[in-house]
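Add chain R to chain F, keeping to what the hints say.
2 protein chains.
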Amino acid sequence: MTITSPQGFRASGVTAGLKASGTSDVALVVNDGPSDVAACVYTSNRCKANPVLWSEQVTADGRAKAVVLNSGGANCYTGPEGFQTTHASAELVAERLGMGAIDVVVCSTGLIGDQLDRDKLSAGIERAADALSAGGGTAAAEAIMTTDTRSKESERSGDGWTVGGMAKGAGMLAPALATMLVVITTDAQLDSAVADRALRAATRVTFDRLDSDGCMSTNDTVLLMSSGASGVKPDEAVFTARLTEVCHDLAQQLLSDAEGADHDIAIEVVNAASEDDAVEVGRSVARSNLFKAAVFGKDPNWGRILASVGTTGAVFEPGELDVAMNGVWICRGGEPGDSRELVDLNEREVSVTVDLKAGTESATIWTNDLTHAYVHENSAYST
Amino acid sequence: MTITSPQGFRASGVTAGLKASGTSDVALVVNDGPSDVAACVYTSNRCKANPVLWSEQVTADGRAKAVVLNSGGANCYTGPEGFQTTHASAELVAERLGMGAIDVVVCSTGLIGDQLDRDKLSAGIERAADALSAGGGTAAAEAIMTTDTRSKESERSGDGWTVGGMAKGAGMLAPALATMLVVITTDAQLDSAVADRALRAATRVTFDRLDSDGCMSTNDTVLLMSSGASGVKPDEAVFTARLTEVCHDLAQQLLSDAEGADHDIAIEVVNAASEDDAVEVGRSVARSNLFKAAVFGKDPNWGRILASVGTTGAVFEPGELDVAMNGVWICRGGEPGDSRELVDLNEREVSVTVDLKAGTESATIWTNDLTHAYVHENSAYST
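Top to bottom, those sequences are chains F and R.
Per the numbering used here, the first sequence starts with residue 1, numbered consecutively.
Per the numbering used here, the second sequence starts with residue 1001, numbered consecutively.
Possibly wrong hints are sitting among the right ones.
[Said to hold, decoys possible] Listed below are the simulated DSSO-like cross-link pairs for lysine-lysine, each with C-alpha atoms no more than 27 angstroms apart in a straight line:
| # | chain 1 | residue 1 | chain 2 | residue 2 |
| --- | --- | --- | --- | --- |
| 1 | R | Lys1298 | F | Lys19 |
| 2 | R | Lys1019 | R | Lys1120 |
| 3 | R | Lys1357 | F | Lys298 |
| 4 | F | Lys19 | F | Lys120 |
Treat the hints as calculated values from the structure; they're not laboratory data.
Only chain F is shown next, with the shape it has when bound in the complex (with noise of 0.2 angstroms):
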């Protein structure tokens, strides 16, 4: 159940001392091969971090042996001074294990816009190093957590061989790939094109599709590392839905994790003329403060969510929409439909459906609800 599960990993997570609360916060992942072939997906903000800057190199070539992480501090905007930590980061990693600086990825998460401890972080690298095991892949899962309550580990298996996977993330968890730090290992047998082809399939439906709070982050990688251990080279296809449903089962966690929230709000978008137009009007209704709050409140406010629907570009006429909220359609063609006294949200989880009836496609965009704790918060978290 976690990213040492596949054969050929050795994972760490220990204390750097890089975060106030002094739990741990630096997290190794190493790659003992035969193989070596990774994938990645990074955050499409332009504004991109000095560790994606890094491993956006490190990855180009479809491999990577190691990974080094750190929750405490996201070295964004932080300048070449910021780029240099990354860079010493990933050549002690390289000098401790063996391997070149441009085999090692290097994450980090945290406060935007404040220089890590260059020192602390390197002793912590040196200590996970040390503490690198066949067993450590929790303790790496619980090193990366950030304002996170629980870590978050899944694992799926094919014909002789494993995913395993593990992700941080609890704001700023938006669209356009990743928004969150996430390691996938396995030891299926992937040459580089599979494993690139298999990660954004997986992402595209997964975490592309998960919208909590609007808010893209600057840090979020997606790192897919194939050891080849098992000596098994699996079906592609089959290897694409097992690990598709890793990271829906980290994403899954990630939005019940999600700061402050009260519900996982499910908007099902159907009968819409193309895949894209139902991410679009679902990515709208997630993006309504109005309609959060709404669910907050456990008021079934549906007007809030044509409000939003009426923002797009989708193929629709206004006056055919249906809208039903945990399977009570409160609307129909447009008017008022059943009785919104029949809709219940004392659950945690809640299902809008929008049917557009303006086609055959459909889509689900993964969103929570507006609180006054993710106010709470996300109004204190670096004071």
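Same frame as chain F, but now just chain R:
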């Protein structure tokens, strides 16, 4: 200081019983001429309320003689029955005032998805017609309030003529025109083309740049009516300037009364390659819940500003951006600048300046912070 300040207008505000609070809820404004020139801009939401669908027909010829407005219900997503309610309101006003229904603009505001009580509304319109007076502007401004805590009025004068305005709006304040109900009167002599040009020019840089919570209403209407009763035909540029001042004043009043807000935030984007770029960047920052929650917490978290800037397509180099809050340049050249400790966020007014260093254009977007009170008010609105 109200819509009946210009000559040639009468107004009233009465209680029809549409609002549970029992405060006044029907307003009527009549243009007694001699001119009946009018211009109007409406929400760009594709899910338009019935009164918007009706009023678009009324103002299509650049003329209107009266406007009837109600709070206590948006009459949106209420189907043909709701449209008939709007039409019946216009018919009743027309009958009482001796004009055609096609000269009567109708505006509604309140909860989406509920039918208005047509009998109560009709009785209210009768009383509003009886109550019309040349001193009734403020009563009208009070009758259109929903969650507003105060009425909003403004006035400017030219050489022999006057512009008066009233507005309602405290939530769903977002782009793409209006996003509230606004009635502006003038006794200046205008032809339809001038009225339309002046209104579009004024709203483009005022109401259109207000983005309180990113949510676009279905009912937004900004109506300008000219009586011509002053007998003075103003210079178009001067009239446009005064009209823009009235719109700016009303927009600022809307901002300062936004639901649950503790801070009014002006986001100025300077040295942009184009005005569109400046608006896109400003709006992106204005829609960051994380940034808005940080301002509520008096936390000058500039990383959240840059993370939002990075999601746009505007021309800029990430490593060249400067950002100031309340005049303190906390980010210079994409790195930490002056100490964030120097930024005092205790006052209600907050200024953010983003220097894109990509050109000479600029724009300001106005927004509010994200507070516990916003969540509270919007989680309890319809219940």
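Handout entry: Non-conforming hints, listed in increasing numerical order
Key = 3
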